[in-house]
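2 protein chains.
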Amino acid sequence: MPKTKHTVRFMPDGVSVDVFAEAENLLRVALVAGVHVNASCGGSGTCGKCKVKILEGEYEADRSAKISDEQWEEGYRLACRTRVTGDLVVEVPIESRHEKGVLARLRGTGQDHVLAEKHWGAEYETVPPEPLVRKYFLELTPPSEGDNISDMGRLAQALKRDYRIDQVLGEMEMIRSLPKVLREGEWKVTATVLTGRCGNRILRVEPGDTRKNAYALAVDIGTTTIHAQLVNAFTGEKLAKAAEYNAQMSMGEDVITRIVHAIKPGGLEILQKRAVKTVNEVLKEVFDKTGVLREEVTHLVLGGNTTMTQLILGIYPRYIREAPYVPAANLFPVFPASELGIELTPRTLAYAMPCVASYVGGDITAGVLATQMHLHDELTLFMDVGTNGEIVIGNKDWMVSASASAGPAFEGGGVKFGMRASYGAIEQVRINPLDLEPMFMTIGQQKPKGICGSGMIDCIAELQQCGLISQNGKFNRELSGVTWRIREGEGGWEYVLCKAEDSQLEEDLTITEPDIDNLIRTKASIYAACSVLLKSVGLHFGDVQKIIIAGGFGQYIDVEKAMTIGLLPEVEPSKVSYGGNTSLEGCRIACLWSGKVAEAEQIGSMITNIELSVSRIYMEEYVAALFLPHTRMEEFPLRAKKLEETNKLLGEIRRAHPQENP
Amino acid sequence: MPKTKHTVRFMPDGVSVDVFAEAENLLRVALVAGVHVNASCGGSGTCGKCKVKILEGEYEADRSAKISDEQWEEGYRLACRTRVTGDLVVEVPIESRHEKGVLARLRGTGQDHVLAEKHWGAEYETVPPEPLVRKYFLELTPPSEGDNISDMGRLAQALKRDYRIDQVLGEMEMIRSLPKVLREGEWKVTATVLTGRCGNRILRVEPGDTRKNAYALAVDIGTTTIHAQLVNAFTGEKLAKAAEYNAQMSMGEDVITRIVHAIKPGGLEILQKRAVKTVNEVLKEVFDKTGVLREEVTHLVLGGNTTMTQLILGIYPRYIREAPYVPAANLFPVFPASELGIELTPRTLAYAMPCVASYVGGDITAGVLATQMHLHDELTLFMDVGTNGEIVIGNKDWMVSASASAGPAFEGGGVKFGMRASYGAIEQVRINPLDLEPMFMTIGQQKPKGICGSGMIDCIAELQQCGLISQNGKFNRELSGVTWRIREGEGGWEYVLCKAEDSQLEEDLTITEPDIDNLIRTKASIYAACSVLLKSVGLHFGDVQKIIIAGGFGQYIDVEKAMTIGLLPEVEPSKVSYGGNTSLEGCRIACLWSGKVAEAEQIGSMITNIELSVSRIYMEEYVAALFLPHTRMEEFPLRAKKLEETNKLLGEIRRAHPQENP
Ligand code: FES
Ligand code: FES
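Top line first, the protein sequences correspond to chains A and B.
Heads up, the first sequence is in our numbering, so the first residue is 1 and it goes up one at a time.
Heads up, the second sequence is in our numbering, so the first residue is 1 and it goes up one at a time.
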């Protein structure tokens, strides 16, 4: 499928950028191009600061009270309300006479290293679904004097004849309904069949052809957030997604605290019920959105880390936390979802993605499945940055894994205005190095109400690149004299990203030093884990052919920024892709192709897990990584050089024009 | 195992008989030998009429008020209270001077054709049980830093290592308990495993070695009676049996009436609950008798005809009854017994024996399994005479089956004083052809309260042989002048078998003409079914190498008598054996050896069923068999000859000595 391509040229800088998405937002294009526009309402069209003048080209734009009729005539538009539909030339108002050129020198080429979430499943979409629980339409020959085998035998014969399915066994409830259903459907029926490891169970028969009324649910049980996706299990069509914070959050933000709660008397039951409560909420949302009926859901695939998996299944998690860190089980049987309290009929079967070890769970198996690193030769580094940071390194022949207790900073946890990637979350940030003013966009282009993972990466990278923070994450207090945005707040020093009046908040949206500390610890633990894993197999970052970053960062992640903060190693940006919620995606794939379920089980048994807590070098590596990007700057040579150049240039400019900073 | 053998010689007839059982009852010995003793209280020691004088030999006898000290000194004893422990010579008082010799001529040799119930399972008893659900004791290596696989993985490893069991999957409830149980048991645990068609499910783990606390239940769901047997699933030991009338009886005596009820609104549910109620009663009985705990029962195997199977499983049975007679299913999944309402823990799994067709059910599959006709070359004729008469003919290569709607006459149904084979049932009957006085024994040697199947066979054969009834089952009214025992009662002509005062009844225990009619119809339908089946495969009775008769007749069945009434074809008596409740026995075998479950499924799929209702010759055959023994007397040449001789001899005696008959 060839992509649309339009070129947008920003004047007076002369920066050009290629746009591949259809009807892309002009503000995002500027942001990606490194062209500064003082957008301070997240692209919600309310601040009016993103005004640009379109000199030529095709576009669509919304009218706004912020633009007078006269300006409209002259070609002024709000960038955040303009969609690119052809090649454009756009003039950006320059607030500082020194901006021209300087910004370009600071930013580089304007090349786009922002990754949109990759749709891993794309290559499966061409194969019709063959789900674990599948509906088959059958036209049976009615019984007669010479052919009076049992109803069940007749059904089994037809399944074998038409679909080569044998070794079938009927569920008792199905057998109970069979005599009536066969005759009601006049011997034309649809059978719902669970393909087992061996043998097939007929779960249900319905009169007529109901194959298309078959839905499956992928459910990612995150420590912080529970996501669900509803798909049509016959066509594979993606119908709806929903997400809610895991109601277990009030019992601790990380898995350890949850385990501590769970092993108290009655604790496991409470945690189990809370997770199910949230699952029921997200399911309600997808059902409400689509009108799909609960009884039409044939199956559900759950993916979660080992603790989340055990908690929702009601399995005592104590020994996950105690050395030698033993999970109760890595493989689980297929069971009726309703047994857990999930609001589905008793016929809807649930399958939990296989786990690997106490801290590498079904979410990671699902992630590997989604990214298909288990099918390829290239040495791949997969990192899932959620509440924990789980890493898998390997290829189709071998895989090693580790888990770093990273903390949920990238998912919004432990960050003052942190939030998950949902409407109103700041997901992309740029800071003008000259006037230190931010420019940002929110998810859904709404007024900001918080900042998500990708926003945090951008923000910290920009703060550092503008010299607002040092390499150990502390604010350059001197600059508080240069910009009001640096200030000492209640919780220490902070940078004001968005004023209260431009946001949905009652107070200014800031990034605090504790937020930055938190993020540095998180990225350090992940980077250190990668380091240790690579060393354990005698390799280093240079050997890695592909990096996949997964997690709830938001829709866009900027690879350059991720390297700038040292979350990713310094590699060719083209090697990196962003997977988004690969756990949910893996569950979706497992929902649709039973062969992929078998692959997931193989992945689970193939991965060798390494316990970082007993690794002699992990702590060393972690401490070395508590720096932006790293204390071993030789591992980030390009970043080191750029940092030096930027500092020099900014120093010169600031010395020359101190008065230009407000 | 060599059998005991004692010889008992009865004087003055000089009839000798070999006794194989240990401490056999002397009255039974006389009865089998054809020596008449006027026992009229069923062997309960109350009538005193079985007085004999022991001339020499070893025996044990109980004292009785019916025998004076003087008589005791002289060697008089009650035969029914005497046990044979060595060779004996016994003098039987002669009431008629013509008796000597005449009786011997009428009876033949005194050779024993009475079959005790065969214990089919005997040859399995030497192989330790390998049940479907089996307990395995495991000593696990505790986890350590270098070996921290999941608890479930550890369990699976040990099962593979110690017992070569692989492809295991844990039940969710088991996984939930696993972390605690492993540590509580200090890594020594017992796992309960269900061996599936493929793959194995771990149902439960318990701390320590509990292998011996494993029990299984065989449950025969008869239309009339529900039987259960409790066995130790580890040792194979038979612990207890119990039986109760099926509480569905109040909703009709035969399967057709039950089906009619079941398809009314709410009917199925009522019938299902009634069967389960009875099952719970018989289970309570075996638990009370043995002290076994319900939670120690690992599994239960149900055998029943197709209707009974569908009813207890809650499956709509309508199409069993409507042409072309299609059952819902012949194979059923393993399911928790508690789902049906059976009072066992949800961990106790139930398995229903596979059915063959609408009127050849799991009881027959179980019967074939028990008798092992499916393993041998000999052409075997298996007939299960319960409420229906089900016939299987064949050998290890092929089998055909049919079902005759025989009616429950042999189980006590439709017979005025009919009852099932339990304490107080008359099970053996002889009638003195000279004085027409009966001699009979009851089960448990109690005062009679009814007559069971084997008693009915004996009684009708004897009535006919004494000329009391004609070959079409009508009383010889003339003889009412000769014996008071022939009389016209409320329901027509009858023979008084036992006076009220000698019984547990308020009225005389009689055999009526309608009883006899009923029995003739039953035996005719069975014989006709055998005939049709043999003809369908181009064979005749002469080709049959082995006959197995099964059903709830009682403990003893007399082959000669069964041929006399034409229930069995006229064959060499040594070809015939009596199986008793082969359905229960088959279920017991299936309880103990999972390989036998697989065999049962093969049996089920191997049998070709023939519908008698669409057979052109069945009705013809049936009508021809409505005679004692048969209208085609050429099929019973020995019987024909004997009948002729007997009639002649009796005629002579009666003409000569009319006065001797009371
Ligand atoms: S109006 Fe466009 S960013 Fe505020
Ligand atoms: S006393 Fe022995 S049969 Fe009656």
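What the hints contain is simulated information worked out from the structure, not anything from laboratory work.
All C-beta atoms in this analysis are idealised placements derived from N, C-alpha and C, irrespective of residue type, glycine included.
One or more of the hints may lead you astray.
FRET-style restraints, in silico, Cβ to Cβ [what the hints assert, rightly or not]:
hint	chain 1	residue 1	chain 2	residue 2	range
1	B	K535	A	P346	47 to 55 angstroms
2	B	D147	A	M249	52 to 60 angstroms
3	A	V614	B	R294	40 to 48 angstroms
4	B	S605	A	P346	26 to 34 angstroms
5	A	T345	B	H540	55 to 63 angstroms
6	A	K264	B	P346	20 to 28 angstroms
7	A	T345	B	E490	44 to 52 angstroms
8	A	K264	B	R294	25 to 33 angstroms
9	B	E343	A	P265	39 to 47 angstroms
Hint by hint, here is what the structure shows:
1. K535(B) with P346(A): 47 to 55 angstroms: 50 angstroms Cβ-Cβ, so the 47 to 55 angstroms window holds.
2. D147(B) with M249(A): 52 to 60 angstroms: Given range 52 to 60 angstroms: violated, Cβ gap about 34 angstroms.
3. V614(A) with R294(B): 40 to 48 angstroms: The hinted range 40 to 48 angstroms holds for V614(A) and R294(B), with Cβ atoms some 46 angstroms apart.
4. S605(B) with P346(A): 26 to 34 angstroms: holds, 30 angstroms
5. T345(A) with H540(B): 55 to 63 angstroms: holds, 57 angstroms
6. K264(A) with P346(B): 20 to 28 angstroms: Taking Cβ atoms as reference, K264(A) and P346(B) lie about 27 angstroms apart, which means the hint holds.
7. T345(A) with E490(B): 44 to 52 angstroms: Once the Cβ atoms are compared, 59 angstroms apart, the range 44 to 52 angstroms for E490(B) and T345(A) is violated.
8. K264(A) with R294(B): 25 to 33 angstroms: holds, 32 angstroms
9. E343(B) with P265(A): 39 to 47 angstroms: With a Cβ separation near 30 angstroms, E343(B) and P265(A) fall outside 39 to 47 angstroms, so the hint is violated.
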